[in-house]
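Number of protein chains: 6
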Amino acid sequence: MFFHMKELQYEAKPSKPDPIFANQLQEILGGQFGEISVALQYLFQGWNSRTTDKYRDLLMDVGTEELAHVEMLATMIARLLDKAPLADLEKAAENPVTAAILGGMNPQHAIVSGLGALPADSAGNRWTADYIGASGNLLADFRANLTAESQGRLQAVRLYEATTDPGVKDMLAFLIARDTMHQNMWKAAIAEIEAQENIVVPSTFPRELENQYVSYDFYNLSAGEESKKGRWAKGASMDSMGEFNYVSPAPAYGEAPKLKPAPPYMHNTPPTTREE
Amino acid sequence: MFFHMKELQYEAKPSKPDPIFANQLQEILGGQFGEISVALQYLFQGWNSRTTDKYRDLLMDVGTEELAHVEMLATMIARLLDKAPLADLEKAAENPVTAAILGGMNPQHAIVSGLGALPADSAGNRWTADYIGASGNLLADFRANLTAESQGRLQAVRLYEATTDPGVKDMLAFLIARDTMHQNMWKAAIAEIEAQENIVVPSTFPRELENQYVSYDFYNLSAGEESKKGRWAKGASMDSMGEFNYVSPAPAYGEAPKLKPAPPYMHNTPPTTREE
Amino acid sequence: MFFHMKELQYEAKPSKPDPIFANQLQEILGGQFGEISVALQYLFQGWNSRTTDKYRDLLMDVGTEELAHVEMLATMIARLLDKAPLADLEKAAENPVTAAILGGMNPQHAIVSGLGALPADSAGNRWTADYIGASGNLLADFRANLTAESQGRLQAVRLYEATTDPGVKDMLAFLIARDTMHQNMWKAAIAEIEAQENIVVPSTFPRELENQYVSYDFYNLSAGEESKKGRWAKGASMDSMGEFNYVSPAPAYGEAPKLKPAPPYMHNTPPTTREE
Amino acid sequence: MFFHMKELQYEAKPSKPDPIFANQLQEILGGQFGEISVALQYLFQGWNSRTTDKYRDLLMDVGTEELAHVEMLATMIARLLDKAPLADLEKAAENPVTAAILGGMNPQHAIVSGLGALPADSAGNRWTADYIGASGNLLADFRANLTAESQGRLQAVRLYEATTDPGVKDMLAFLIARDTMHQNMWKAAIAEIEAQENIVVPSTFPRELENQYVSYDFYNLSAGEESKKGRWAKGASMDSMGEFNYVSPAPAYGEAPKLKPAPPYMHNTPPTTREE
Amino acid sequence: MFFHMKELQYEAKPSKPDPIFANQLQEILGGQFGEISVALQYLFQGWNSRTTDKYRDLLMDVGTEELAHVEMLATMIARLLDKAPLADLEKAAENPVTAAILGGMNPQHAIVSGLGALPADSAGNRWTADYIGASGNLLADFRANLTAESQGRLQAVRLYEATTDPGVKDMLAFLIARDTMHQNMWKAAIAEIEAQENIVVPSTFPRELENQYVSYDFYNLSAGEESKKGRWAKGASMDSMGEFNYVSPAPAYGEAPKLKPAPPYMHNTPPTTREE
Amino acid sequence: MFFHMKELQYEAKPSKPDPIFANQLQEILGGQFGEISVALQYLFQGWNSRTTDKYRDLLMDVGTEELAHVEMLATMIARLLDKAPLADLEKAAENPVTAAILGGMNPQHAIVSGLGALPADSAGNRWTADYIGASGNLLADFRANLTAESQGRLQAVRLYEATTDPGVKDMLAFLIARDTMHQNMWKAAIAEIEAQENIVVPSTFPRELENQYVSYDFYNLSAGEESKKGRWAKGASMDSMGEFNYVSPAPAYGEAPKLKPAPPYMHNTPPTTREE
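Residue numbers (UniProt numbering), protein chains in the order written: chain A, 1 to 276; chain B, 1 to 276; chain C, 1 to 276; chain D, 1 to 276; chain E, 1 to 276; chain F, 1 to 276.
Bear in mind the hints are in silico, worked out from the structure with no lab data behind them. Worth double-checking, as some hints may not be accurate.
It does not matter which identical chain is used: a pair holds within one copy or between any two.
Claimed, not checked - Taking lysine-lysine and the DSS-like style, the derived pairs with C-alpha atoms no more than 25 Å apart in a straight line are:
id : residue 1 : residue 2
1  : K234      : K91
2  : K83       : K13
3  : K228      : K91
4  : K83       : K169
5  : K228      : K83
6  : K16       : K228
7  : K229      : K91
8  : K229      : K16
9  : K169      : K260
10 : K260      : K83
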C-alpha cells in the first residue's frame, strides 16, 4: 500500500519553457530505460519476491523512489511546455523560433495531452512493459537493474549536455547523483549474491548436465582475430571453473537439417516441386 | 558481410514431435531475452561501434554465433511441430492428448506458419526491437548483454526441466553451456573496462557536476528497515568514492508543485472551476 | 513523492494454487482496463493538472490507491502460481489436470517470471501506455476514468463468476466494492463539472464556430429505422441547446474527391495509365 | 454489408498544401481517439450486440458515419501533402520554409505513403486495436464512446486553433459539430440505460456479494485533505444506495504478504540467501 | 461515404458453439492477413489514389466488400462463443471438455468482450496497422494485395481442414471462393500495369542511375550451389533487360568500415580504451 | 551457421554528416519493408522450409545478403550522425541549420544510441516481427517477398531523390540495383511455381469444395461503374478456370443476423432493455 506526499523529492523548475527539450526529456520519463521502466521493474520484482526480506524491502524502497522521479520529470515536462504554440506552416514560416519548435516538439504535447507529460519516449513511442522484467532470480534481475541505471544515467548525462537551462541542469544533476547511488547499490547487491552463488545464473543448475566441453570456448566466427586480444579469450574463466579457450575457426557440431514434408492438410508447397 | 554454411552449430533433433513444447521453446527464440534479441543486440552494438577494434570484433563474433542459435531453435521447433493436428472442440473432446495439444500449442503454428517457427515468444507476442539496445557506451551495453545471457540461461534451464525428450535436452545442454561462456565472457569484458574507468556509467561525466550530497544515500521509503541489512546500506561505496549512508525516513528536497494554467487555446479545464 | 507500507490494502490469499485462474486474473492487473491502467492514468492526470487543487488531490489519492490494487493482484497471482508445473506433452497426456493446466496457463508464468505476476493481460499481451490518457480537460478525462471503472468492475465480476475459490472471491468482492465507489466518485465529479460547463467537451469552444446546422442531426446510414426509437433521435438535446433531428437518408454535403497527380520525384503510378 | 458512394460526407479541401499540418491532422485520423478508433469501436460493438435492436442499429449507423470521417480526413491529408518536398540538410539549410517542413512533417508521408494519409497518429505511431473495446455491456461501452467523442472533439478544437487555412477550418467545424451531436447522443443513450439499471456497471451483480462496507468510502492516501472538498466526499452517493464517507487516513485491511519459496525446478533465488 | 444494409453478404451460422474454433477463426478476422487488414489496406489505397479512376473504384469496391467479411466473421465468432463457460481449474479438472475449452479458448472472449469477437488474431495479439500499407505506386500495392489474398486463402483453407462443423465449413467455402476471385483480380490488375510499365517497381527510375553491373547477379552466399538450379540463376531476366548471372562466391565491393570516435559530449566509450 | 567478414558488400560513406537524412534512411533499415524485414523474412522462410533444396538455398542466400544490407545501412547512418549536435531551443533559435537539424533528426540518435543506427523506422517506431511472415507455402511467401522488394526499391528511389550527397547516392544506386535483381528473381521463382501449380494459392485445395458460383464474380459495391473498365471485370480469369463476371449491384446471400442473448453470468446488457 502506498501514500503520497505533495512535496517533490527534488525541485523541477526550468528557467523558461522549451517544448523541444520537453520532448527530449520524455526519453528518461517514458523510454526504454526511463523512470517508468525502473519504477515498475523494481516494484514487480519486489511484489513477486519469494526470497529473503531484505531484498524485497530493497526493491520496494527503490521502486518507490523511482515513482518520485516519474513525478519530478512529469512536472518538469509540463512546465517546459507552458505556452507551447499551436501552429501551422504559415506561422512557422514567419518565425524561425516557431519553426524550430514545430519541428522539434512532439505535436501530441499540444493536441493530445494539453501541455502535459506523456507516458512515451522522445520519439513518441508509448511506454510498454516490453521494457521490463522480473524473473524470480535475483542475480539475473539485479543485473537488469544495474543495466537500467547505467543506460539511464548515460541518457541523463547526454540531456545535461543538451540544455543550457540552469533549472533543468539542477534537476538532472540530482537524478544523475541518484543514478550514481543506484549503480553502486545494485553493484553491492550483486557482489553479495555472487559471493554466495558464483557468477553464472542460475547457479543451481548442475554443471554436469550442461555440455561442458563448450562452456569456456570463444568462437571466432569472422575473418581476423582482433577478438583474441581480450580478457575473455584466455586465462582463468571469471567463475574460476575453467579456462578461456579461443577457437578459430569455430566448429559446426551439427548436420545440415532436412525437415520432413508437411502433411497435406497444411497445404504447404510439397517437395515434389520440380528440381531443375 | 555474412556467409552461411548449411551445418547447424549443434544438432536440433527431438525424439518425437511435441507442439506444446514447440510453443514453450519459442520463448528463447523470439522472446524478450531470446536468441533474436541477443543476435541483433550484439550486431547493432558492433555496427555502431566507434571504439577499439577488439570490442567490435568481439561483438560481431558473438552476434554471428547467436544467429546460429536462432537457426537451431527454428529447426528444433519445426521438428517438434511435425504432424501437429488441426482440430476443433469435437475432436478435442474425444481424445485427451488432442485436447492437451489444442490447449497448449499456439494455433498460429498451424494456421499461420504451416508448422514452422514463428518470430514470437511463448505467449504469441511477435518479437520487437523494444527488447534491445546499443548506446555507444560499452560498459552500459556489456551490462545489458550480461543481463540477457543471465535471463536467457535461466529460461533455458527452466525449459530443460520442463521436457523429458532427450534430443531436446541435449540441444538445451549445449545452449546452456554457451550461455555459461557468454556470461563469463561479458563478465571479463566488463571487468576490463571497469578496471580502466571505475564502475559508474558514464565515467566521463565530471563528478563535481552532479549533486554529490545524495550520491551515496540509500533512502528508506517504506515502513520497516529490512533494507538496512545489505551491503548497499553501509561501508565504502563500490566505486570507492564515498560511503553508503542509510537515510530513514527519506527527505523531500522539493516543494509541492503548482503548474500554471493552460492558455485558452488549449481548452483545458480552467482553474476557475469552483472550489467548494 | 511516495511512501510504501508493507500491509496490503486487503488480503490476497487463495485457498489453493490455480495457474489457470492466475492467468485469467492478469486481465485486471495488466489489461486494457486493469489496475496498472487506472493507476498510471490517474497519476498522469494528477501530475499534469493545471487546475483547481481539489481535483489534483482527488486524482493523486485514487491513483495511489490503484497502486495498492496492483500490489494485491500481483500478490494473489504469485500465490495462485505456487508450484505451477513445468511439463511437456508426455506428462500432460498422463494426467488430465496437468493437461488442463498446460493449456490454460500462460507458459511465461513459469519460463519468464518464475511463478510471479506479469505486467500483461490474460492473453499475454504486455501492458502498454496505449491504454491511457490525460488530456488536460477534466471532463474528458473523468469520462475516461468512469469508463475504466465500469469496464474494470465488469471484468472483476466475470472473474468472480469464474472462480470457486473463497479467498479469491473475497478479494474480488473487495475490489468490486471499490469499483462501486469509484464509479460513484467519477460520476459525482462529472456532475459537478457538467453543472458548471454544460455537457459538451470542450465547453470553451464558441458554438458559433461549429457548423451548427448539423450539431443535432442523427444520420440514418443503414437500411431500417430501428435507431429512430431511442432518446437520441427526438426531443431536446441533452445540452438543452437544440433539438434532436432524425435524418433519413443521410445527405452527402461534399463532392467526390479527385486528388492531384503526385510529382514525378515520388514515383507513384501516374494517371496516364491507360483507361480501357 | 456495406455500400460506398463517391461523395464525401463533407468537403475536404485546404486552401493550400501544408505537410506540417497534414501530420498534426493524423492524430484525429489514426490516433487513440481518432476516427479509425470510433469507427471500429462502434462497428464491433454493433456486430457483437446481443441485445435490443435499436442499440445495434444505433451503433451501426454511427460506426458507418465514422468511416465517412476517416475518408474525409484521409482526403484532406493527401491534399495537404500535395507537392511535399523530399529534401536533406543541404536544401533545408538554404530555405527556412523547407527547414520548417522537414522538421514538422512525418518523413513517412513522402518515403512510405507517397503523399498519402497513413493509418497512424501525429507522432507516427501506427493505429492499434489496443485503443478500442466492446464488452457486451452497453452502459460500459457507451461510456467508452462518450469518452472517445469528448477526447476527439477536444483534439479537433485544438487543431482548429492551430490552423489558419479556411478550408481546413471549415471541415473541422463540421467534424466538431458532429462530435457535439455524438456527445449528446451517447449522453442520451446512457441516460436511458441508467434510468433502467441505476449507474453502477454491471447492475446485475448482487450488491450483497460485494464488500459493501467499503462501497462508499473515499480513501485519503496523501498528505492534505483538498480532496475532501468535492461532491464525491460527502452526501448521498450518486447511485442513491449509500452515503459518501471521507476516510483519512485510509486503513490497511490486509497483512504484509510473505510468499512461499519457489520450487527448486524454477531456479529462483532461494530464501536461504544470507541475511546480514 | 458508406451505407450499411443489415443482411450479411453470406450466412454465418455454426451448427453449434465451439469457443476453441472461435479463437482460431480470429486469425482471419484480426490477424496479419485477416479481413481487417485487407479492408483497411484497400480503402487507404483507394482514398490516397492519385491516378486513374478505375483503379480507385476497384480499390473502393473490394475494400467495401472486405468490410462485409469482417462483419461475417465477427458474427460467426460471436455465435461460436454462445454459452462459453467461465471456469477455473477445479471445474476444468472434473470435465475433459471443459478442460479442453479452457485451454484452447482465449480468456478475453469471456472476460473482456463478453462472448463477442475481438479485433485480434488467434494468439490474442490486437490488430495493428503495422500489417498494412499504401505506397502510391499501384504495382507495388497490388502485389501487396495479391500477397494478402494468397496468405488469407491459405489460412482459410487450413481452418476449413480444422473444423467438422458444416455451417462453419459453408461460410469458409464462400470466403475461399472470394479469395479465388480476389487473387485472379489482383493478378489481372498487375498484368495490366506490368504490360505498360515492365515489372520492376518503380518503373520510372532511370535505369542508368542504378549500379547496373549488379542488377542481374545472383550472389551465392552459402556453401553449396543448390540455388543455381532455379530460373533466377540463368537465362534472360524477367524484365528482358538483362541476363541472370550466378556469382559464386559473392564479392565484397566495400572496405571494412572504421567509424570516427564519438564527440566527448556523447560519453560513449572512447577508442583510447586499452588494447591488450 | 554464419560467418562474418569485415568488408562491407558495398561502400557506405557519405560526403558529410546529415542527421536529418540519417533519420530518413532508417526507413529502409528498420521500417516495414526495410532490410531487417527482408533479412529475417527470408531466413525464417528458409529455416522453416520443408520442400525442395533449391528453394531453401535460394532463401538462405538472399536472406544472408540482406544481413549485409542491414550492415551497410547501419554504417551509413552512423556516419551521417557524426557530430550530430545536442541542443535545446536557445541554441536552435540562434542558428537555422541547428534548428533544421533539431526538427528533422530523431532525438534518440543522440540520447539513446549515441550516434548509432537504431532498429527503427523513419518515424521512430521500433522494428517488429509484425512486418514479416513465413507460411510454408512458397507461392504465398514469394509473393510477399516480391512485394517487399517492390516497396523497398520504391522507398530507396524516393530517398535517392531526397539527397544531394554523392556518397549516399552511390550506395543507394547499389541497393536499387540489387532490388532490381531481387524483383526479377522472385518473379522468376514465382513463374516457376505458377507453371506447375496454377496461380491460386493454395493450389492443393479441391476446387469443388469452394462455393464456385462466386469464384469469378466482381462485386460492384459503390455508385458508378468505373471498376468495370479493367481486365478483372471481363474475359477469361487469370487461372483459365472461369470467366470474370461483373455483378452490379452486388447481392446479399445472407440474412440479417440476430445473436442470442448472453448468459447471465456474463453480465452483458440483457435484451429486455426497454424498446421505446
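Same-copy or cross-copy closeness of K260 to K83 [CA-CA at most 25 Å]: between (65 Å within a copy, 9 Å between copies)
Within, between, both or neither, where K229 and K16 count as close if Cα-Cα is 25 Å or less: Classified as neither: same-chain Cα gap 51 Å, cross-chain 33 Å, threshold 25 Å.
One pair to classify: K229 and K91, alpha carbons no more than 25 Å apart. Within, between, both, or neither? neither (58 Å within a copy, 43 Å between copies)
How would you classify K228 and K83 at a CA-CA limit of 25 Å: within, between, both, or neither? For K228 and K83, neither the intra-copy (57 Å) nor the inter-copy (31 Å) Cα distance is at most 25 Å.
Same-copy or cross-copy closeness of K83 to K13 [CA-CA at most 25 Å]: within (15 Å within a copy, 30 Å between copies)
Homo-oligomer pair classification [K228, K16; C-alpha up to 25 Å]: neither (52 Å within a copy, 34 Å between copies)
K228 and K91: within-copy, between-copy, both or neither at 25 Å Cα: For K228 and K91, the Cα distance exceeds 25 Å both inside one copy (59 Å) and across copies (45 Å).
Checking K234 and K91: alpha-carbon separation at most 25 Å within a copy, between copies, both or neither? Neither: 64 Å inside a copy, 44 Å across copies.
Within, between, both or neither, where K83 and K169 count as close if Cα-Cα is 25 Å or less: both (21 Å within a copy, 22 Å between copies)
For K169 and K260, with the copy left unspecified, which applies at a CA distance of at most 25 Å: within, between, both, or neither? Cα proximity of K169 and K260: across copies only (21 Å, versus 62 Å in one copy).
Of the numbered hints given earlier, the model fails hints 1, 3, 5, 6, 7 and 8; all others are met.
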